Amino acid sequence: MRRRSTFAQFADESGVLLIVAILVAGLAAVRLPAAHPGRSTGEYLLAALITVTVFGLCAAAHELAHVASASSPSSSSASASSAGASSVGASSAASAELMAAAAGPLASLALGGLCGVVTAALILAGAGGLVVSVVAYVGLANLVLAAGTLLPGASSDGGRLLRAWIWRTTGDPRRATRGAARAGRAVGFVLLLGGVVTLVAGAAVAGIWLALTGWFVAAQL
Numbered sequence: 009m010r011r012r013s014t015f016a017q018f019a020d021e022s023g024v025l026l027i028v029a030i031l032v033a034g035l036a037a038v039r040l041p042a043a044h045p046g047r048s049t050g051e052y053l054l055a056a057l058i059t060v061t062v063f064g065l066c067a068a069a070h071e072l073a074h075v076a077s078a079s080s081p082s083s084s085s086a087s088a089s090s091a092g093a094s095s096v097g098a099s100s101a102a103s104a105e106l107m108a109a110a111a112g113p114l115a116s117l118a119l120g121g122l123c124g125v126v127t128a129a130l131i132l133a134g135a136g137g138l139v140v141s142v143v144a145y146v147g148l149a150n151l152v153l154a155a156g157t158l159l160p161g162a163s164s165d166g167g168r169l170l171r172a173w174i175w176r177t178t179g180d181p182r183r184a185t186r187g188a189a190r191a192g193r194a195v196g197f198v199l200l201l202g203g204v205v206t207l208v209a210g211a212a213v214a215g216i217w218l219a220l221t222g223w224f225v226a227a228q229l
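In our numbering, the protein residues as written are 9 to 229.
I should point out that these hints are in silico values taken from the structure, not numbers from a laboratory. Computed from a predicted model, the values in this text were never measured in an experiment. All C-beta atoms in this analysis are idealised placements derived from N, C-alpha and C, irrespective of residue type, glycine included. Treat the hints with caution; some may be incorrect.
[Stated by the list, open to error] DEER-style ranges, computed between Cβ atoms:
| hint | residue 1 | residue 2 | range |
| --- | --- | --- | --- |
| 1 | Leu130 | Ala211 | 43 to 49 angstroms |
| 2 | Leu122 | Thr178 | 32 to 38 angstroms |
| 3 | Ala211 | His44 | 23 to 29 angstroms |
| 4 | Pro45 | Ala135 | 16 to 22 angstroms |
| 5 | Arg186 | Ile30 | 31 to 37 angstroms |
| 6 | Arg182 | Arg47 | 53 to 59 angstroms |
| 7 | Ala135 | Val208 | 56 to 62 angstroms |
| 8 | Arg47 | Gly210 | 31 to 37 angstroms |
| 9 | Val204 | His44 | 33 to 39 angstroms |
| 10 | Gly136 | Ser79 | 41 to 47 angstroms |
Model the full structure from these sequences, guided by the hints.
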């Protein structure tokens, strides 16, 4: 399976990025004034802007990790070997696809973990205020991005990971595509149903976000 352009992959995951960006902005707008009262509106807005901007850079790093993995010598060799009909070549190509798809979420997890370490270090050093909150929110956003892109949508990282794993296991790329699509559809509908149930139960915000996530996953299939 050939790796598509960075722009195309970014467009495929734009729904997840939009959800996370809105979530970060909402946290900054609501939580910062509550956690750090007495600051000026400009300070809250600046902190929110820095949070979203830094997260945007982290999202770019997520995509660059895909590109770096897909263009690595081992990945290129696997793509070349897959031109043949041998099972060894197919297995190598599937492994390369697996590594390329995993690179983005792993990068986001690493960035989220790094932000967690920095947050802890700042707190231990006696720092506080908006700086600690900004770092913590950026870390949370990276973890949400990693989790969101791992959902098995048709063209998400999770979908590509599942397809590559099935391909590597069975040696049949068409079967892998069908299996990944079925799994993604099932996950999407479960999340959508869970969102509706949560909404009816009274947790409006959580229900809406869960339903939107399920719709996003199912809509790709």
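Results of checking the hints against the structure:
1. Leu130 x Ala211: 43 to 49 angstroms: Violated, at about 32 angstroms.
2. Leu122 x Thr178: 32 to 38 angstroms: Given a distance of about 37 angstroms, which is inside 32 to 38 angstroms, the answer is holds.
3. Ala211 x His44: 23 to 29 angstroms: holds, 26 angstroms
4. Pro45 x Ala135: 16 to 22 angstroms: With a Cβ separation near 18 angstroms, proline 45 and alanine 135 satisfy 16 to 22 angstroms, so the hint holds.
5. Arg186 x Ile30: 31 to 37 angstroms: holds, 33 angstroms
6. Arg182 x Arg47: 53 to 59 angstroms: holds, 57 angstroms
7. Ala135 x Val208: 56 to 62 angstroms: Given range 56 to 62 angstroms: violated, Cβ gap about 43 angstroms.
8. Arg47 x Gly210: 31 to 37 angstroms: 32 angstroms Cβ-Cβ, so the 31 to 37 angstroms window holds.
9. Val204 x His44: 33 to 39 angstroms: holds, 36 angstroms
10. Gly136 x Ser79: 41 to 47 angstroms: The hint (41 to 47 angstroms, Cβ to Cβ) holds, given that glycine 136 and serine 79 are roughly 43 angstroms apart.
Hints 1 and 7, counting from the list given before, are not met by this structure.
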